[in-house]
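Chemist: Each chain, written out:
There are 2 protein chains.
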Amino acid sequence: MKWQPPLQPPSPSTHQNHSNHMIEKETAETHRPDSDHDSIRSRFEKMIRDAQDSVCAAIEAADGGAKFKEDVWSRPGGGGGISRVLQDGAVWEKAGVNVSVVYGVMPPEAFRAANPVNAAENGNFKPEPVPFFAAGVSSVLHPKNPFAPTLHFNYRYFENDARKGNVKLMLTFFLFKVQKNACDKFDPSFYPRFKKWCDDYFYIKHRNERRGLGGIFFDDLNDYDQEMLLSFATECANSVVDAYIPIIERRKDTPFTEQNKAWQQLRRGRYVEFNLVYDRGTTFGLKTGGRIESILVSLPLTARWEYDHKPEEGSEEWKLLDACINPKEWI
Amino acid sequence: MKWQPPLQPPSPSTHQNHSNHMIEKETAETHRPDSDHDSIRSRFEKMIRDAQDSVCAAIEAADGGAKFKEDVWSRPGGGGGISRVLQDGAVWEKAGVNVSVVYGVMPPEAFRAANPVNAAENGNFKPEPVPFFAAGVSSVLHPKNPFAPTLHFNYRYFENDARKGNVKLMLTFFLFKVQKNACDKFDPSFYPRFKKWCDDYFYIKHRNERRGLGGIFFDDLNDYDQEMLLSFATECANSVVDAYIPIIERRKDTPFTEQNKAWQQLRRGRYVEFNLVYDRGTTFGLKTGGRIESILVSLPLTARWEYDHKPEEGSEEWKLLDACINPKEWI
Numbered sequence: 009m010k011w012q013p014p015l016q017p018p019s020p021s022t023h024q025n026h027s028n029h030m031i032e033k034e035t036a037e038t039h040r041p042d043s044d045h046d047s048i049r050s051r052f053e054k055m056i057r058d059a060q061d062s063v064c065a066a067i068e069a070a071d072g073g074a075k076f077k078e079d080v081w082s083r084p085g086g087g088g089g090i091s092r093v094l095q096d097g098a099v100w101e102k103a104g105v106n107v108s109v110v111y112g113v114m115p116p117e118a119f120r121a122a123n124p125v126n127a128a129e130n131g132n133f134k135p136e137p138v139p140f141f142a143a144g145v146s147s148v149l150h151p152k153n154p155f156a157p158t159l160h161f162n163y164r165y166f167e168n169d170a171r172k173g174n175v176k177l178m179l180t181f182f183l184f185k186v187q188k189n190a191c192d193k194f195d196p197s198f199y200p201r202f203k204k205w206c207d208d209y210f211y212i213k214h215r216n217e218r219r220g221l222g223g224i225f226f227d228d229l230n231d232y233d234q235e236m237l238l239s240f241a242t243e244c245a246n247s248v249v250d251a252y253i254p255i256i257e258r259r260k261d262t263p264f265t266e267q268n269k270a271w272q273q274l275r276r277g278r279y280v281e282f283n284l285v286y287d288r289g290t291t292f293g294l295k296t297g298g299r300i301e302s303i304l305v306s307l308p309l310t311a312r313w314e315y316d317h318k319p320e321e322g323s324e325e326w327k328l329l330d331a332c333i334n335p336k337e338w339i
Numbered sequence: 009m010k011w012q013p014p015l016q017p018p019s020p021s022t023h024q025n026h027s028n029h030m031i032e033k034e035t036a037e038t039h040r041p042d043s044d045h046d047s048i049r050s051r052f053e054k055m056i057r058d059a060q061d062s063v064c065a066a067i068e069a070a071d072g073g074a075k076f077k078e079d080v081w082s083r084p085g086g087g088g089g090i091s092r093v094l095q096d097g098a099v100w101e102k103a104g105v106n107v108s109v110v111y112g113v114m115p116p117e118a119f120r121a122a123n124p125v126n127a128a129e130n131g132n133f134k135p136e137p138v139p140f141f142a143a144g145v146s147s148v149l150h151p152k153n154p155f156a157p158t159l160h161f162n163y164r165y166f167e168n169d170a171r172k173g174n175v176k177l178m179l180t181f182f183l184f185k186v187q188k189n190a191c192d193k194f195d196p197s198f199y200p201r202f203k204k205w206c207d208d209y210f211y212i213k214h215r216n217e218r219r220g221l222g223g224i225f226f227d228d229l230n231d232y233d234q235e236m237l238l239s240f241a242t243e244c245a246n247s248v249v250d251a252y253i254p255i256i257e258r259r260k261d262t263p264f265t266e267q268n269k270a271w272q273q274l275r276r277g278r279y280v281e282f283n284l285v286y287d288r289g290t291t292f293g294l295k296t297g298g299r300i301e302s303i304l305v306s307l308p309l310t311a312r313w314e315y316d317h318k319p320e321e322g323s324e325e326w327k328l329l330d331a332c333i334n335p336k337e338w339i
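Line order of the protein sequences matches chains A and B. Taking my numbering, I'd label the letters of the first sequence as residues 9 to 339. Taking my numbering, I'd label the letters of the second sequence as residues 9 to 339.
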């Protein structure tokens with residue numbers, strides 16, 4: 009029997025089948041590089057699978073009817089994932105929560121796309137395929153009500169020959185206090201640094217606008233202790249439900265006009281522009297031939313582009329746009 | 009008085025102001041490289057301005073009420089254009105017809121994006137800014153009725169240090185016969201070559217699908233006589249109205265279901281994916297800091313992404329998708 013990557017959340021019995029021996033024997037070229045249950049890598053993987061389960065359960069409960077549809081997929085080059093999507097619910101127009109654990113070798117262009125700084129600065133970029141291991145949970149939650157915020161979060165663990173064990177986190181909407189509390193538990197410098205990093209990363213250069221507001225972002229934290237980073241990512245993952253769901257409960261039935269809806273749709277268009285043109289995860293996925301429905305599940309159900317739309321100065325829409333152009337200090 | 013590029017369709021009197029002397033004196037770095045009325049470049053420019061006028065007039069007449077809104081813009085680096093957009097009409101949800109005449113120096117990355125083959129094959133790529141002159145008319149017409157086809161056309165004249173006077177044409181929907189007739193007048197090899205070129209160019213690699221059907225595409229026809237190419241581009245430009253408007257008249261009131269509309273919106277989503285990820289004109293525009301509203305006016309008013317949507321086998325939607333995956337010979 010050919011060894012299959014653990015696409016379902018691992019149970020003790022399936023774990024026992026993943027001995028190093030079998031792995032080395034069966035997947036010589038794209039070997040799963042680790043099966044030690046206590047390693048950071050294994051514990052990160054367990055954490056993201058737990059996060060997927062708890063976020064999906066909370067979303068279904070808050071939506072009050074719609075259910076996630078699950079797809080389990082494997083990647084020919086090595087690994088696979090679980091995509092869960094809830095579409096056209098009562099509260100969310102599209103909610104995706106995906107886990108993927110993939111490994112193999114990445115083409116040099118994809119390496120460059122995923123590691124622009126590393127490739128340019130370290131000068132150690134080789135035009136050869138690069139072995140990698142990546143595990144992550146990624147979620148985009150697009151509510152129907154234009155006053156209810158879209159949330160994006162993504163926790164990743166990524167290793168390649170040039171970098172070991174960096175952890176990446178992106179949170180992009182309205183979770184200031186909870187984020188700051190999570191950050192402050194670990195390092196008082198985290199929140200201000202990661203808030204600015206988020207404003208810089210989610211920048212739509214051709215618009216001179218950020219895609220969204222209120223997030224934190226970090227990447228390549230190789231100088232920190234791995235145990236601490238795992239705890240930090242776990243803390244952040246566990247705070248999603250508590251931070252986001254109460255806002256949705258407050259906003260999901262707020263009355264809105266056609267104009268409010270059109271504005272939401274225009275901002276959805278910006279989301280599409282950022283993801284297709286700049287987002288490293290998306291461009292990496294497109295270039296490595298990942299599963300396209302999982303990569304693009306982040307796109308909203310619907311989006312809108314009006315020619316030369318400008319919100320009226322002083323309006324709520326104008327204030328939001330202003331904050332996307334000139335980042336604010338929220339706390 | 010500083011010399012200004014001719015943003016309005018040139019009249020004899022404004023033309024007289026554009027002597028070579030003034031140009032050389034006033035725009036040393038980004039000089040308008042030509043002001044000879046009889047040159048291919050000048051006649052191409054006149055042709056595209058005439059095409060913009062005639063297409064806009066025909067669209068307004070067929071829409072029966074909505075009017076184009078015109079914006080005249082200039083590009084800091086050199087040149088400018090006229091954007092005309094009709095939005096939320098009776099027949100078209102968004103119709104854009106733009107002329108631009110721009111020149112200056114392009115960053116090396118933009119040169120590579122616009123000339124991937126040239127940069128890779130000729131081996132003469134220099135990591136220095138490259139002077140260029142580009143004139144074109146570009147149009148995207150998105151009707152409301154899902155049975156009425158979207159039309160894209162783009163006629164461009166482009167010169168840089170590496171290439172002189174190539175003419176580019178893209179036509180992408182449902183104009184088989186008229187296109188073939190236009191091609192056959194000039195060279196019997198044109199239609200089959202340019203039809204295949206179109207199927208190859210409008211390819212969404214991450215989907216293994218073409219963006220649309222029924223077009224022709226050509227580029228870099230440097231080996232042909234310039235006069236002939238100008239006549240050919242003019243013939244094609246003049247055939248747009250006769251080829252497209254009758255189809256719209258036939259289809260604009262075809263009854264449709266919510267499902268038909270959702271399918272149209274999903275194809276609009278593919279249009280967005282192609283333009284933001286692959287289209288050379290769009291990526292060139294984003295990288296050279298062009299006027300963003302003119303570059304992205306091609307995006308539809310609304311678009312849709314459903315997770316893992318698959319049309320029912322044998323349905324009309326399925327047949328269209330099949331033709332986007334496996335190009336057909338229409339004539």
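Read the hints as simulated data drawn from the structure, not as lab findings. Treat the hints with care, since some could be wrong.
Identical copies carry no separate label here, and so any pair may be met within one copy or between two of them.
Said to hold, decoys possible - Simulated crosslink set (DSSO-like; lysine-lysine; CA at most 30 Å straight-line):
#1 260 x 188
#2 213 x 77
#3 54 x 327
#4 193 x 269
#5 213 x 54
Fair warning: this is a prediction, and the values are worked out from it, not measured in the lab.
Chemist: Next step is simple, just say for each hint if it's right about the structure.
Modeler: Results of checking the hints against the structure:
{"no.": "1", "hint": "260 x 188", "verdict": "within (25 Å within a copy, 54 Å between copies)"}
{"no.": "2", "hint": "213 x 77", "verdict": "between (35 Å within a copy, 26 Å between copies)"}
{"no.": "3", "hint": "54 x 327", "verdict": "neither (41 Å within a copy, 43 Å between copies)"}
{"no.": "4", "hint": "193 x 269", "verdict": "neither (38 Å within a copy, 50 Å between copies)"}
{"no.": "5", "hint": "213 x 54", "verdict": "neither (36 Å within a copy, 33 Å between copies)"}
Hint check: violations occur at hints 3, 4 and 5; the rest are consistent with the structure.
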